[in-house]
Amino acid sequence: MNLTLSEFFAVGAVIFAIFMSGTIQLRTNLLLYAIQTLLVGVVTAAFYLASNESQYLWLALVVILVKAAGISLFLAWVLRRINVFRDGATYLPIPIAMHVCILMLGIAHFLADRLPAPPDQSLHLQAGSAESGIALVLIGTLFMLTRKTAVSQIIGFLTMENGIYLFTLAQAHGMPMAVELGILLDVLVGVMVAGVITFRIQKSFEHIDVTQLRDLRD
Amino acid sequence: MTMLISIAVFALSLSLLPFLILGVISSLKARWQNRRGASVLQPFRYIKKLYSKQDLSSKEASWISDLAPPMILASALLMAIFTPWLSFSPLVQGSDLFLVVYLFGLSRFFTILAALDSGSPLTGFGASREATLSILTEPALVLSLLSLAITAGSTDLNKVFAFSQTAAGGVLDVAIWSLAAATIFLTALIDLSRMPVDDPTTHLELTMIHESMVIEFGGRRMAMILVAYALRMVTLLGLASQCAIHALIAIPALQIAPMATIHILSIIGILAGAVAIALVETFFVKLKWTRVPEFIAYAVTLSLLGCGAALLGGGI
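Protein sequences appear in the order of chains S and Z. According to the numbering used here, the first sequence is numbered sequentially starting from -7. According to the numbering used here, the second sequence is numbered sequentially starting from 25.
This is chain S alone, in the form it adopts within the complex (with noise of 0.2 Å):
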């Protein structure tokens, strides 16, 4: 088996989102995902470069600024606000949840091997890897089931919604410019509408942590 160049990134954007599940410091969880957001755009490059359409070019663009740059400076800068700089503990220990990230890629190359073929071959070569994008939705699912405090569950859905993007990209060539933009300000949107909620839990709790939200208070 042999490796492309953007294969080579989108794995790295799994062994990032893996480096990711590894520490409890949100603050290197969020410098994880922006390298990993990083390596996403960087495959939308290179996958300008097989298909020389000028959208995946802008498209890579919008993705390394808004998503990559955007919402890890603007959670940042919540978490400098609310002054929670670490996750409390998590359902699984830190050495365990990297190595069940591990296996999550194995299954995701044994699932990927069954998806039907991609529409044209040569370019899908070219894609990514349909593989990261299966891992990045399974590990940022764990991170999210794992983890206590709000912002990790912002964090894992990010994470996940980077699979999204890469797996439609090496599967379908990525979605119309118009709805990858949309889909793109309804994540800007919702981590700003969840940032602000965080301010509300920590005002009105004190904590972040949102498995203690379930009992009501008056």
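Derived by calculation from the structure, the hints in this document are not laboratory data. Just to be clear, a hint being listed does not mean it is correct.
[Stated by the list, open to error] The calculated lysine to any residue pairs, modelled on SDA-like cross-linking and capped at a C-alpha distance of 25 Å, are:
| id | chain 1 | residue 1 | chain 2 | residue 2 |
| --- | --- | --- | --- | --- |
| 1 | Z | K53 | Z | T285 |
| 2 | Z | K310 | S | P85 |
| 3 | Z | K312 | Z | P163 |
| 4 | Z | K310 | S | R19 |
| 5 | Z | K312 | S | T82 |
| 6 | Z | K310 | S | I88 |
| 7 | S | K140 | Z | L102 |
| 8 | Z | K312 | S | R78 |
| 9 | Z | K312 | S | F11 |
| 10 | Z | K312 | S | V76 |
| 11 | Z | K312 | S | T138 |
| 12 | S | K140 | S | L49 |
| 13 | Z | K312 | S | D201 |
| 14 | Z | K310 | S | T20 |
| 15 | S | K140 | Z | R315 |
| 16 | S | K140 | Z | K72 |
| 17 | Z | K310 | S | E198 |
| 18 | Z | K310 | S | R78 |
| 19 | S | K140 | Z | E318 |
| 20 | Z | K312 | S | Y83 |
| 21 | Z | K312 | S | A52 |
| 22 | Z | K83 | Z | F68 |
| 23 | Z | K312 | S | I16 |
| 24 | Z | K312 | S | P85 |
| 25 | Z | K310 | S | Q17 |
| 26 | Z | K310 | S | I86 |
| 27 | S | K140 | Z | P163 |
| 28 | Z | K310 | S | L23 |
| 29 | Z | K312 | S | D105 |
Since the structure of chain S is provided, determine the placement of chain Z on it from the hints.
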């Protein structure tokens, strides 16, 4: 004739580099912490001083305390000879992956034994921690070397580090070699008790690992342990830099063909490893003991990924 020259150069670097590396790390650290620091040659002087000092041992100590330091030194020296940590290392017959790993374990075993033998509670404390660490780190080292062995199709380290396999395919090769380089560097940090795991400059504190094990030794035996430590450091850093160089030459665009460049790069790589250690020790603090397994998990994860990549590469 060229064989003789290469052996001579290897012997020269084996006798100079380990101490030079220790000196470089401590003087760089001092410089970055706004101290003047000792000269790069300080480790030579220190070891000379230790050799001329009187050797005392505790009343509880048995013959194991006398046996352990030579054994630690011997296994470290054998490891340095068997491992191709420089591109111009002479090809020693039988430099097998598992031999190297077990030599590594042997020197650690005797360190722990010596620590337990001296009968001081502090050394026992350090020994227990070292044993825990070694259990956690050994998979990382073994798996990362195994992933290289899978691509080379042999556990003979001379064949693994032979600068001949570009057949496995560019990008995947780069990935495997760079994962191995990162793993071995992290393993070196853990194994040599450097900063994120253990603070080599603390003495007489309950937090330390390696320094507390050898605290009962002085004089000639301490010198032996220090030389062994320097040898292990240079071997591990050398292995990591060899992996990094292999990753570099696997990049198709970079044609670093001549061996002379590679020979120079392999020494520069070791020095770069020393600079990286000094950087880590300047900017990071020691982790809490309960957080150390999380740090080690990174090394194990990297090595597992490397193994997966090697298996995907169809090396078997």
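Now the hints, each set against the structure:
Taken as a hint, the K53 of chain Z and T285 of chain Z pair is broken in the structure, with Cα atoms around 29 Å apart against an allowance of 25 Å. For the suggested pair K310 of chain Z and P85 of chain S, the alpha carbons sit about 20 Å apart, so the restraint of at most 25 Å is met. With a C-alpha separation of about 22 Å, the suggested pairing of K312 of chain Z with P163 of chain Z holds against the 25 Å cut-off. Under the criterion of a C-alpha separation no larger than 25 Å, the hint pairing K310 of chain Z with R19 of chain S is consistent with the structure, at around 19 Å.
Annotation: proposed proximity of K312 of chain Z to T82 of chain S holds, straight-line Cα distance about 17 Å (limit 25 Å). Between the alpha carbons of K310 of chain Z and I88 of chain S the distance comes to roughly 22 Å, so the proposed pair stays at or under 25 Å and holds. Pair hint K140 of chain S plus L102 of chain Z does not hold up; C-alpha atoms about 50 Å apart against a cutoff of 25 Å. For the suggested pair K312 of chain Z and R78 of chain S, the alpha carbons sit about 15 Å apart, so the restraint of at most 25 Å is met.
Proposed proximity of K312 of chain Z and F11 of chain S is supported: the alpha carbons are some 19 Å apart, at most 25 Å. Straight-line distance between C-alpha atoms of K312 of chain Z and V76 of chain S comes to about 20 Å, which keeps the hinted pair within the 25 Å bound. The hinted pair formed by K312 of chain Z and T138 of chain S meets the criterion: a straight-line CA distance of about 22 Å does not exceed 25 Å. Proposed proximity of K140 of chain S and L49 of chain S is contradicted: the alpha carbons are some 37 Å apart, above 25 Å.
A distance of roughly 24 Å separates the Cα atoms of K312 of chain Z and D201 of chain S; the hinted pair therefore holds under the 25 Å criterion. Distance restraint check for K310 of chain Z and T20 of chain S: the Cα-Cα separation of roughly 17 Å lies within the 25 Å cut-off, and the hinted pair is therefore satisfied. For the hint linking K140 of chain S to R315 of chain Z, the alpha-carbon distance of about 19 Å falls within 25 Å, and the restraint holds. Taking the CA atoms of K140 of chain S and K72 of chain Z, the gap is about 56 Å. The hint is violated against a cut of 25 Å.
Straight-line distance between C-alpha atoms of K310 of chain Z and E198 of chain S comes to about 30 Å, which puts the hinted pair past the 25 Å bound. Only pairs whose Cα atoms come within 25 Å are accepted, and K310 of chain Z paired with R78 of chain S is accepted, the gap being roughly 17 Å. For the suggested pair K140 of chain S and E318 of chain Z, the alpha carbons sit about 18 Å apart, so the restraint of at most 25 Å is met. A distance of roughly 20 Å separates the Cα atoms of K312 of chain Z and Y83 of chain S; the hinted pair therefore holds under the 25 Å criterion.
The hinted pair formed by K312 of chain Z and A52 of chain S fails the criterion: a straight-line CA distance of about 40 Å is larger than 25 Å. At most 25 Å may separate the alpha-carbon atoms for a hinted pair to count; K83 of chain Z and F68 of chain Z exceed this at roughly 30 Å. A threshold of 25 Å between alpha carbons decides the hint, and for K312 of chain Z with I16 of chain S the separation of about 14 Å falls inside it, so the pair holds. Distance check on the hinted pair: K312 of chain Z and P85 of chain S sit about 16 Å apart at the alpha-carbon level, within 25 Å; holds.
As the CA atoms of K310 of chain Z and Q17 of chain S are separated by approximately 15 Å, the hinted pair is consistent with the 25 Å bound. Taken as a hint, the K310 of chain Z and I86 of chain S pair is honoured in the structure, with Cα atoms around 18 Å apart against an allowance of 25 Å. For a cut-off of 25 Å, the pair hint linking K140 of chain S to P163 of chain Z is broken: about 30 Å separates their Cα positions. With a C-alpha separation of about 21 Å, the suggested pair K310 of chain Z and L23 of chain S falls inside the 25 Å cut-off, and the hint holds.
The straight-line distance between the Cα atoms of K312 of chain Z and D105 of chain S is roughly 42 Å, outside the 25 Å bound, and the hint therefore fails.
Checked against the numbered hints listed earlier, the structure breaks hints 1, 7, 12, 16, 17, 21, 22, 27 and 29; every other hint is satisfied.
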